[in-house]
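Undergrad: Construct the entire structure; sequences and hints are all you get.
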Amino acid sequence: MPKVDPEALRAYQRTVQAQLDKLEDEIISELRQDKGLGKLPAFGMLQGSDAARQTYTLFHETTWNNLQALREALDGIVTTLDDSAKGHEDSDEVSGQNFDAQL
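Under the UniProt record's numbering, the sequence shown has 21 at position 21, and the numbering climbs by one with no breaks.
It is worth saying that the hints were derived from the structure and are not from the lab.
Among these hints, one or two may not hold up.
With a cut-off of at most 30 angstroms between alpha-carbon atoms, the simulated DSBU-like pairs for lysine-lysine come out as follows [said to hold, decoys possible]:
1. Lys3 with Lys86
2. Lys39 with Lys86
3. Lys22 with Lys39
4. Lys22 with Lys35
Cβ-Cβ distance ranges computed for the label pairs, FRET-style [as the list claims (entries may be wrong)]:
5. Glu72 with Tyr12: 12 to 22 angstroms
6. His88 with Gln19: 20 to 30 angstroms
7. Asp21 with Asn65: 37 to 47 angstroms
Where is the CB? At the ideal position from N, CA and C, for every residue including glycine.
TA: Below you can see the structure in the form of structure tokens.
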């Protein structure tokens, strides 16, 4: 039967949480509308500027959506690891109570 190492789960959870925090604080925050990377550059009126504007808009939207999907995935991993560690702790407590009851 496989054994669960709650300390390893918690360590991995901290690693994933750090990546999630970095993603939210350093990357996603810079793409918000009030930040520099969230503002549409001025493409002007030259030939090809409409195409450049559309390409940039699509790229920005795709990047934003991909980062949000990654954020959701990392958040899901953190939640699952937390649930797994808690389930293991609860299981150990019940096993200990059952053992004590048999004595």
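Undergrad: Give a verdict on every hint.
TA: Verification of the hints:
1. With a C-alpha separation of about 14 angstroms, the suggested pair Lys3 and Lys86 falls inside the 30 angstroms cut-off, and the hint holds.
2. Simply put, Lys39 and Lys86 have alpha-carbon atoms about 43 angstroms apart, too far for the 30 angstroms limit, and the pair is violated.
3. Straight-line distance between C-alpha atoms of Lys22 and Lys39 comes to about 21 angstroms, which keeps the hinted pair within the 30 angstroms bound.
4. Between Lys22 and Lys35 the alpha-carbon distance is near 17 angstroms, which keeps this suggested pair within the 30 angstroms criterion.
5. Remark: the range hint 12 to 22 angstroms for Glu72 to Tyr12 is upheld by a beta-carbon distance near 18 angstroms.
6. Checking the proposed 20 to 30 angstroms range against His88 and Gln19 shows it holds: the Cβ atoms sit about 23 angstroms from each other.
7. Between Asp21 and Asn65 the beta carbons are some 20 angstroms apart, a value that contradicts the proposed interval 37 to 47 angstroms.
Hint compliance for this structure: hints 2, 7 are not met, and every other hint is.
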